[in-house]
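Trainee: Going line by line, the protein sequences match chains A and B. Heads up, the first sequence is in the numbering used here, so the first residue is -3 and it goes up one at a time. Heads up, the second sequence is in the numbering used here, so the first residue is -3 and it goes up one at a time.
By construction, these hints were calculated from the structure, which means they are not laboratory data. Be aware that one or more of the hints could be misleading.
Where chains are identical, the list cannot tell them apart; a pair therefore holds if satisfied intra-copy or between any two copies.
Simulated crosslink set (DSBU-like; lysine-lysine; CA at most 35 Å straight-line) [unchecked claim]:
hint, residue 1, residue 2
1, Lys70, Lys158
2, Lys150, Lys60
3, Lys70, Lys41
4, Lys27, Lys158
5, Lys41, Lys27
6, Lys27, Lys60
7, Lys220, Lys124
8, Lys70, Lys60
9, Lys7, Lys60
10, Lys60, Lys41
11, Lys27, Lys70
12, Lys41, Lys220
13, Lys41, Lys150
14, Lys60, Lys124
15, Lys124, Lys158
16, Lys41, Lys56
17, Lys70, Lys7
2 protein chains.
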Amino acid sequence: MAIQLYDLAGKDSDIMFSPFCWRVRMSLLHKGLNFELIPWRFAEKETIEESGHSAVPVIKDGDKWVGDSWEIIKYLDTQYPELPTLMNGSEGRAHAQLVLELCGSLVFPAVIPIAVYQAYEILDEASKPYFRESREAMFGTSLEQLNADPQAGKAGLVQALKPFDALLQTSNFIGGDQPTYADYALFGILKWADIVSSYRPIDDTSFVGRWFVRLENMYDGYAKNVPTVRNR
Amino acid sequence: MAIQLYDLAGKDSDIMFSPFCWRVRMSLLHKGLNFELIPWRFAEKETIEESGHSAVPVIKDGDKWVGDSWEIIKYLDTQYPELPTLMNGSEGRAHAQLVLELCGSLVFPAVIPIAVYQAYEILDEASKPYFRESREAMFGTSLEQLNADPQAGKAGLVQALKPFDALLQTSNFIGGDQPTYADYALFGILKWADIVSSYRPIDDTSFVGRWFVRLENMYDGYAKNVPTVRNR
Chain A
-3 MAIQLYDLAG KDSDIMFSPF CWRVRMSLLH KGLNFELIPW RFAEKETIEE
47 SGHSAVPVIK DGDKWVGDSW EIIKYLDTQY PELPTLMNGS EGRAHAQLVL
97 ELCGSLVFPA VIPIAVYQAY EILDEASKPY FRESREAMFG TSLEQLNADP
147 QAGKAGLVQA LKPFDALLQT SNFIGGDQPT YADYALFGIL KWADIVSSYR
197 PIDDTSFVGR WFVRLENMYD GYAKNVPTVR NR
Chain B
-3 MAIQLYDLAG KDSDIMFSPF CWRVRMSLLH KGLNFELIPW RFAEKETIEE
47 SGHSAVPVIK DGDKWVGDSW EIIKYLDTQY PELPTLMNGS EGRAHAQLVL
97 ELCGSLVFPA VIPIAVYQAY EILDEASKPY FRESREAMFG TSLEQLNADP
147 QAGKAGLVQA LKPFDALLQT SNFIGGDQPT YADYALFGIL KWADIVSSYR
197 PIDDTSFVGR WFVRLENMYD GYAKNVPTVR NR
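For reference, chain A alone in the conformation it holds in the complex (with noise of 0.2 Å):
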């Protein structure tokens, strides 16, 4: 049975842009697991309920539910070890939490302005009114603010990417010559933004530009092929 993966859908379910969801289908592409996408709102905190979570996202794999990005990684490791590891050993897994902090401190805060109204913009009506004041508060600017100057978002980001570009022009990937866990948490922050951004937000030309298209062609051009805001 294929594993279920509750998503983080817009106003239009085909527009997915969670950048923790996008970690998580990656990483099942990477295992070679099947699995279904269930498009799933803020507003609709009680059809995950039972998962003992809130927010996306969760899965539900036969009878057991795993939320949290970082738990999931871990759980599908554990359970599949027969699959291609994600993080292979404590230093797989220590790569992997350096490139998570890295994106929480540097790659993150950069995404913000190119990303979160970009996001709000095409939430469902419902989810709104909590995306507006969670984020709101976690910011503590108005979306319209932290939207006010693309082009100094995108000269942020490229800042931002600049120990993942240095390191990308010696290395295919940051887990080396092939993708780990430490690749798809940058991956799922990016394509958050590319997702809902109406413009391509990194440079294709870049050496994080190329690995960005690298990853998007695998597994069939999975991440290559989703709608975004820009082409549906």
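Fit chain B to the given chain A structure using the hints.
Mentor: Leaving out everything else, chain B in the frame of chain A:
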């Protein structure tokens, strides 16, 4: 025969602080290789001329010269594959490269105000003009100006170490359960600051600080027992 490591010395041969040489020293200890330190000073270009390099670290292993810390690390893993690995495969290398990038963009700039003027002060007189001229050109300011605000320097280092502090909250080493070259890459920079500074530059109670002490205590307390400007 022991590997000879040409290592930067101050006016007194017992104070050896080069961050790049520390990376190599810890790596030689990690692999359990015998080595002999040969004190070298900036004004002594001719003693390592045969290596093709004009600065240390340079090693001589039998008849073979290898210079540049990154090349030396790769050489050690290639030449001694049966000894403990510094970088395990392409993932280990990518992990170390990411840490090196962060050292270059975050940590090194934060250590400059703590350790460059201090290093100058303990150099031999013959090396001082070269050091002053090359470093003032590199940093675009006088050595004295770099040293103007030690309090700000220490606070800047805490900030720069944040991604590592977060990682080391849940991981014993940057490399996971055991140290790898990813650990020594950062350790080398911090040991430089520790040796030349008039105060202990990192907080021993932080997660980075506890990790630093763990590494100092390894290999029979090798790094703990070296002289510093504070304790000799």
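Trainee: May I ask which of the numbered hints given earlier this structure violates, with the numbers listed in increasing order?
Mentor: 2
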